[in-house]
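Enquirer: For the record, the sequence lines run as chains Z and D.
Going letter by letter, the first sequence gives residues 1 to 546 in this note's numbering.
Going letter by letter, the second sequence gives residues 1 to 323 in this note's numbering.
Possibly wrong hints are sitting among the right ones.
[What the hints assert, rightly or not] If the Cβ cut is set under 7 Å, some of the chain D residues that face chain Z in the computed set are: (1) A223; (2) I234; (3) Y238.
[Unchecked claim] Every beta carbon over 12 Å from chain D, so not counted as near; a handful from chain Z, in silico: (4) V88; (5) D181; (6) G195.
The hints are simulated quantities; they were obtained by calculation from the structure and are not laboratory data.
Glycine included, every Cβ here is placed at the ideal spot set by N, Cα and C.
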Amino acid sequence: MNKLLEVKNLSLSYPEFSLHPLSFSLDKGEIMAVVGESGSGKTTLLKGLSCLWEEGVKVSGQVLLEGRELLGMKEAQRRQLRMSSFAVAFQNSAAWLNPSMTLREQLKEVLHRGYPTREQPGRMRELMETVGLSPEDLGRYPRELSGGMAQRFLLATAIALEPGLVLLDEPTSSLDVAARDAFAALVKRLNREKGIAFLIITHDMKLAAMLSSRMMVLYNGHVEEMGSTAEILDYPRHPYTRGLINASTGLNIVRDVWGIRPELKVDKPHHSCPFYGRCTQSLPLCGREAPELKDWGDGRLVACLRGGIITLLEGRGISKAYGRQQVLEDVSIKVRSGEVVALVGRSGSGKTTLAGILGGYLTDFEKGSLLFQEEVADMETLHRREGGVQMVFQDSETALNPHMTVLQAVSEPRLLAKLGREEETALSALADVGLPTEESFLKKKIKTLSGGQKQRVSIARALTMEPAVLLADEPTSMLDPSSKANLLRLLKSLQNSYGFSMLLVTHDLESALKVADRCFLLKDRRLEELRISDYVSSSIDSVFED
Amino acid sequence: MKKKILLLLCSFAVIYLVNFTIPRLMPGDPFDYQSAAAGEESSTEMTEELKEYLRSYYGLDKPFFTQLWENIKANLRGDLGYSIHYKKAVSALLLERLPWTALIMFSALALSLILGTSLALLGLRRKKLEGGLYALLSLLGELPHFLVGILLLFLVAARVDWLPLSGAVTAFGIYYSEWDWIEDVLLHALLPVAAMTLVTAPGFYFTARASFLSILERPYILAAKAKGLKEGRIRRHYIFRNALPPIVARFFLSVGSAIGGTMLVENVFAYPGLGTVMREAVKYRDYPLIQGVFLLSTLLVLLSLFAADLINAAGDRRRGESL
Ligand SMILES: Nc1ncnc2c1ncn2[C@@H]1O[C@H](COP(=O)(O)OP(=O)(O)OP(=O)(O)O)[C@@H](O)[C@H]1O
Ligand code: SF4
Ligand SMILES: [Mg+2]
């Protein structure tokens, strides 16, 4: 039997918060990471696993350590296992040390359970050196330690009796990048040399990426996704996981980081998906039914009624020629829910053509098919309904009727689609794109607007339709650098808060990298996905090194 | 640290000055009183010349600042003046009486510390007991010391014949051994100390309770559990050790009110400490003696406050709260 830890339906409830029943197991010598935002219940999970909860907490489920059930055990019995079979180091290190005892005394308390007095000094020295502290530090009091030193000392204490399992809560939260990397290397070494299994709780995705082979994603007391770390980072399935990855500064060196949009004000019934209010692809069903964590076929566990992030718009095998000139050949692309996809390429490479086809505005292509939410797309109706597909054209000069007033131009799409509430949505869309909503501006003729204003009016027009996918063709090409930066940030922030997906067509690779989740290069009639990390090498991690 | 010492010296100077001035502002002087022939102890009536002679003999006719300067010089030599009433050097008198007061006060404070802390510990482990304890001690802590003394005198001492009613030792007692003497002293001290302790212990209970509760919430208590330490060890090395500084500091902070309380309680039990001397001194306008007693208590209180400060600072430093 290779299972070290087996957790079955462990659940903890405070009056205001509960960690919902969760199950997982950990093999001997494995490293697993638990990630999630602040308050997602990571520390709570640790308290449950280590049987260290406060009074008044309701606990249920089972925690089996090498087959022995911990939760039901008497504390006197559990005490024998503490430090020798499993050890835990909590976050905010220095506060976890007794202020009136020297480090030596505190380490001795643990060591004397496993080592005769005679061997203790030697073992202490060895431990201190292992974690990168000096044996002289043993004479110090906790107040004389830096956050990093305290963290290392806690690790030294935790591994003192070489337990099979070490639980670490935010072990690197007070460390700089270099110290974090050193810490990660240390954990790796202990894992390799001593076979110690680690459960590492962190909100640092980079640390999770460096250390763990498997990963659990917690949100609001629920496990949202669980599986191999490499696969999850490469291709997150749950919208929340993707949000976490996108928000990680460590994993996104070039791209701007954007937090997951805050909860929208929907009334969330008790039985609903916990991510309902923040999800970009929620269905009414998600508000009524709580998804269970389950395997959707590829070994990945995802808690989502839709099976994880869905593909909104897909072009399959598209080929297109203008006369005898072949522009696109067997091009396939997917735009998933809630993401920004950049389509880059040199001038004349066919970007606008592809965008036009994907947007359903260019219908005569030779081969290929369009799918919307995995069904053959009826673009006509998608243009005319909310939650459909909208496009902001490259040339706003021609896209807008110069003789219309601003209000007319912005309310036109809904008017044509007979959706109602034209003026109301027009005004809020104008406000969203940062244009004035005074009478005087609304009455202005389009032809009197500046290039940047026209660009924003075009975007507002598309927004009134509350699209699921927005295609924007070179939205910044006519703008000066400052307006360009503003508009890009505006688009990204609209995307982040509305939650629509965006296909951004541009020849400006640098701006694309700043906002896009994925990036495609159109070159020689074919499409190729760019892995940003392959092109940008970063030496940022070495800044703090000596 | 330097600032604290400076503050200590300044407060002492101010109090010294006030202590020196106030009695001289009071109407009347010791000789008026002694000559008033109120019919108590003194029966001689003094003539004006004799009073004048005495005033100049005691230096009371000199200008204020000269008196002050000479006073300081004399004090520095350890000379606190001459008690007009007791006709004895004040320093000798104080030295003779101080041990009794100190005995009562420090035993009462030490007992209060132990009792208060133990009760607090008990309350933490027996939640049911705690409510009643809290209410009872809140009430007790509000009573004046001497009132408790009087109650003890009437309710206990008057009914139990082996408990002496007054004094510090049996008058003209004959002791066969040191132990006999010690037993006698302890018996005499019992009620005054009890009266003091009953009023002082609640303060220690509240301080200790608050300190324990705050320590119990510290993460390192959980860490101690995570280390698999035995409960006794956690209690001693993690809870008690860290909760102690404010309790010990309270010991020194309490000296101020305890001195006052002891002096009053001494009068209830006619205990021959500073309190009874003080009463006499006030009664007979015995300036040098009044000043001597004041000076001594001031010194005691200021030094204890200073000690409390040091302990608190050390505690904070240990916790790394201020460096
Ligand atoms: N002792 C407690 N009593 C009541 N509620 C608690 C208690 N401890 C934590 N909570 C609540 O439980 C939720 C989860 O807290 P927890 O400490 O597990 O979060 P976390 O994921 O570790 O966050 P962080 O990343 O900030 O450490 C929070 O809403 C918190 O307010
Ligand atoms: S699609 Fe529904 S079930 Fe899935 S994460 Fe979004 S809200 Fe939850
Ligand atoms: Mg936490």
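Enquirer: Which of the stated hints cannot be reconciled with the structure, identified by number in ascending sequence?
Expert: Violated hints (numbers, rising): 2 and 4; every other hint is consistent with the structure.
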